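*Asks:* Fit chain Y to the known structure of chain P by using the hints.
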Amino acid sequence: MTRRAGFIAGFLAVLLASVGLAQTQTVPPYQQLAYPPLKQVKIPDPVSFMLKNGMRVLLLEDHELPLINGLALIRTGNLFDPPDKRGLSSVMADVLRSGGTSVKTGDQIDEELENIAASVESSMGESSASISFSGLKETSGTVLGIFKAVMTDPAFRQEKIDLTISQAHSGIDRRNDDPQGIAEREIASILYGRDNSYGWNIEHADLARIRRDDVQEFYHRYYFPRNIMLAIYGDFSTADMKDQLEKLFADWTPEQPPVPAFPPVTAKPAPGVFLAEKADVTQTFFSLGLLSGTLRDPDYPALEVAMDVLGSGFTSRLMSQIRTKMGLAYSIGAGWGAAYDHPGTFRIVGSTKSPSTADAILAARAELEKMRTAEVSEEELKTAKDAVLNSFVFFFDSPAKTLSRVLRYQYFGYPNDFLFEYQKKVAAVTRADVLRVMRQHVNPANLSIVAVGNPAEFGKPLTGIGKVEKIDLSIPPIPAAMAPVK
Amino acid sequence: MKFRALIFLLIPSLLAAQSVAELQKSFEKKVTEFTLANGLHFIVIERHEAPVVSFHTYVNVGSVDDPGGQTGLAHMFEHMAFKGTPTIGTTNWPAEKAAMDAVEQVYDRLDAERNKGPHADPKKIEAISNELAAAMEKADNYVEPNEYDRVVESNGGQDMNASTAEDSTNYFYSFPSNRIELWFLLESSRFLNPVFREFYKERDVVREERRMRTESSSQGKLIEALSATAFAAHPYHNEAIGWASDIEHFRRPDAERFYKQYYVPANITLGIAGDVSPMEARRLAEKYFGRLVARPLPSQYRTVEPLQEGEKTATIASPAQPFVIIAYKRPDRHSPDAAALAVLDAVLSDGRTGIIYKDMVRDKQIALGAGSAAEFPGGKYPSLFLFYVAPSSGHTSEENQKELDRIIQQVKTTKVDDATLQRVKTKLRAGLIRKLDSNAGLASELCSYYVNYGDWRKLFTELDEYNKVTADDVARVANTYLVKEHRTVAYTYVPDAGSQKEGAK
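Those protein sequences? They're chains P and Y, same order as listed.
To get our numbering, take the position in the first sequence, counting from 1, and add 4.
To get our numbering, take the position in the second sequence, counting from 1, and add 632.
Treat the hints as calculated values from the structure; they're not laboratory data.
Mixed in with the good hints, there may be bad ones.
Cut-off 35 Å, straight-line C-alpha distance, at most; resulting in silico cross-link-like pairs (DSBU-like, lysine-lysine) [stated by the list, open to error]:
hint : chain 1 : residue 1 : chain 2 : residue 2
1    : P       : Lys-329   : Y       : Lys-748
2    : Y       : Lys-1067  : P       : Lys-89
3    : Y       : Lys-1067  : P       : Lys-141
4    : Y       : Lys-657   : P       : Lys-46
5    : P       : Lys-152   : Y       : Lys-748
6    : Y       : Lys-755   : P       : Lys-464
Okay, the calculated bits of chain Y under chain P, using three or more residues with CB under 8 Å as the criterion [unchecked claim]:
hint : stretch
7    : 994–1000
8    : 1054–1068
The structure presented is a predicted model; accordingly, all values stated were derived computationally and were not measured.
By construction, the Cβ of each residue, glycine as well, lies at the ideal position given by its N, Cα and C atoms.
Chain P on its own, in the form it takes in the complex (with noise of 0.2 Å):
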């Protein structure tokens, strides 16, 4: 019925369009059109100051809708996880909320937050850590004060303590039940080593040894003060706000010495294909990488424009090759993934139905090897440097963004006007500098492949694309010696 009616529509419509061409106007092909100058963007100025406390704060007033967020940052991170209790930071982080303060426990706290539509969470990175808020203007009084006692008066309560850790325990259980998981994680093993916390993965063992005195003693070790940048944007008045964080945060004044730096990366290549079999796929999951550099390097600009080239979008080589025109894969592409303050990840990643995994994996190695063997086109340079230059706009958009942006490069060190550097730099990028960056930074013969999918329905072997060594996914049980935390 529906398919009958559905005909003689498009019969009609066929017969009504026709007419309708000849009636319409012309519009001009997109290449003709001309655009106006962009409006000058306004870029907000964040007002900084350090309270006397010796936290720094940064303030921005947005007041488009009656709300009060902020984010701070404390300088610490898993990378400061003790080997054998792996997962302590992070533990840590989520007891912080979840065990209460001295006067509340976090159940309280939940509701009391809830009631006014409120929120405030604590979480670890692998460089730093958090604890923001959210709120409504009229009970920012409220929320703050909440925060505050979140930061400054944990009282971690036993009972929190052991659910955090029995659910990281039914966390690792589930690790290998997602395919695309499994290959992010692997690749970062192998390509970081399984010795820090970069490469590790957080084993039951670990979760068993930690007790309530480690996670306070690494609380006090690094939420102090000195140690942590504030940043708040909503609607507010910039003195007011000074005024009631001076106030708030007055009795909080713990001293500890300097936070070490960050420990560094080591660079272990490991070249070679790792397979991890499941057999419950039909995809193969797969990742092509090695250690990148940080934003500091003087060609990270080359490098993303020579990565918006070959794998960022929907116009990259790795899409038209291995998407568009083998159809072999819905999902395709790559990334520089520098970070701020240690070497990050290269990464090819996509998926493949099992029969066409090596096809895949070859076509996106030769994608990679043919951007280090000729230049790129004219067309192809002009398109990823527009595509930086004329979205620039979009990273003022919101004050969030700009707060949140001054916020990172006040942590990590970087320059207020990091962002224009870029910029400029991306535009003055040359086919040249981009074969130069492929070919200095990129060493396929240093490409570690990881492949998580069902050899038995593998088209062709996997040796084709080098030598194969087996991923042991099983997860080591708690040795019987060590009573699970319950």
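*Replies:* Just chain Y now, with coordinates in the frame of chain P:
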């Protein structure tokens, strides 16, 4: 508890319903609507904070409209909408068109031979298949790859993508505000004159998408099994991605027919939010979108799901850790009970104060994660109110399911206290305010509310409906809809541990 309710009363006025009305009033000034003669509707939202604009095209077509035997066709068309036009994406359109038509002629011969079934000649099939591959290669020679995407990206387009759901298909991206005219040109052209080039390569891409999203994920497989089991007759039975064999058999004319039937101007709503002048938007809309020709709206009738008369079960054998979904039949989003169901959902699982989180994750610790969703997989037609659980290590699906049943019994028989009800309503209101600071979010939300409720203002006025929901209403809808006979229980189990399968029943 009473004490907490009192504290709530002291919370300032912004959270009161009256203030939401004021917020709506001030928002009204930023919104301009107009409809072109061909039926296309535009919603323009002015936000001049930064020189950027977000665009959203909401097409009132989804996988529920897929023809029989062609599940996933709405999604396939969405992919083709990025392939360009007779002037974008080709090096020589007349030659390309001829080559594309030649592909169809060879494909027709291939199908004709295959349709002979047991009488088909394998040698002929092989020969025509080779011919087909050669014909496709010839057509592909005229393609200017991904030109449509390249124009958008090189002009600073951000977050360009599209999505196909059960109820709708959405296309969206953002431009610097001096490029507004380019969006009008590109967006109108792709829906005026789409060219389905590289159709069969893209079909392979879509097939890979299904392998990635559904076939290689135990939760993906479970959700597919849930829908296929819960809906016997209504097209919510099928996932938006479609079944593998249907995807593999799409033909280009199928997608063209689908486009002509459903991509009619009156079925499309466009949202534009950001640094834009409504006058200029209207002028450009007339110039570019005025080219689309009015056509009759497609039928909205879809097979009505009959009453479910007993509990159903769906299982997926998988080595992955267990996952459980329990889904109850519920009415569509226009039901007078829709607001009460939304409040029930929030009471059960919003934030850290939801009943399910507190009971199963925090206190009893039998689940790593658990929650509910009021409307799955869509809301245009009667759908599902579902619960999901990822059991903690050492705890079974059965144990979790029993606890969920106990909680459901509790909300049916014990009235939700005032503090909880107020908290949920406050969060729903604050959630609205938090939605108002994103161009992309606004463009999308206003289109969606306009299409589904007839007026974008419903985004604000639905808060009044939430506000009217009483504790009795919450208990009543729980009793009406969370009924065992109308539910489907879907769970994964590890195949070589047969006892688990029994256990979860």
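*Asks:* Do three or more residues of the stretch 994–1000 of chain Y come closer than 8 Å to chain P, measuring C-beta to C-beta?
*Replies:* Our answer is that it holds, as 3 residues pass the Cβ test (under 8 Å) against chain P, meeting three.
*Asks:* For Lys-657(Y) and Lys-46(P), compute the direct alpha-carbon distance and say whether it is at most 35 Å.
*Replies:* 27 Å, holds
*Asks:* For the pair we were handed, Lys-329(P) and Lys-748(Y), check the Cα-Cα distance against 35 Å.
*Replies:* OK: Lys-329(P) and Lys-748(Y) at ~32 Å, within 35 Å.
*Asks:* Hint check: Lys-1067(Y) vs Lys-141(P), CA-CA at most 35 Å. Holds or violated?
*Replies:* 16 Å, holds
*Asks:* Within a Cα-Cα threshold of 35 Å, do Lys-152(P) and Lys-748(Y) meet the stated pairing?
*Replies:* Not OK: Lys-152(P) and Lys-748(Y) at ~76 Å, beyond 35 Å, violated.
*Asks:* Would you check the hint for Lys-755(Y) and Lys-464(P), treating anything up to 35 Å between C-alpha atoms as holding?
*Replies:* The given pair, whose Cα atoms are some 26 Å apart, holds under the 35 Å limit.
*Asks:* Has the given pair, Lys-1067(Y) with Lys-89(P), been kept, meaning a C-alpha gap of at most 35 Å?
*Replies:* 41 Å, violated
*Asks:* Count the residues of the stretch 1054–1068 of chain Y whose CB lies closer than 8 Å to any CB of chain P, then report whether that count reaches three.
*Replies:* holds (count 10)
Violated hints, in rising order: 2, 5; the structure is consistent with all others.
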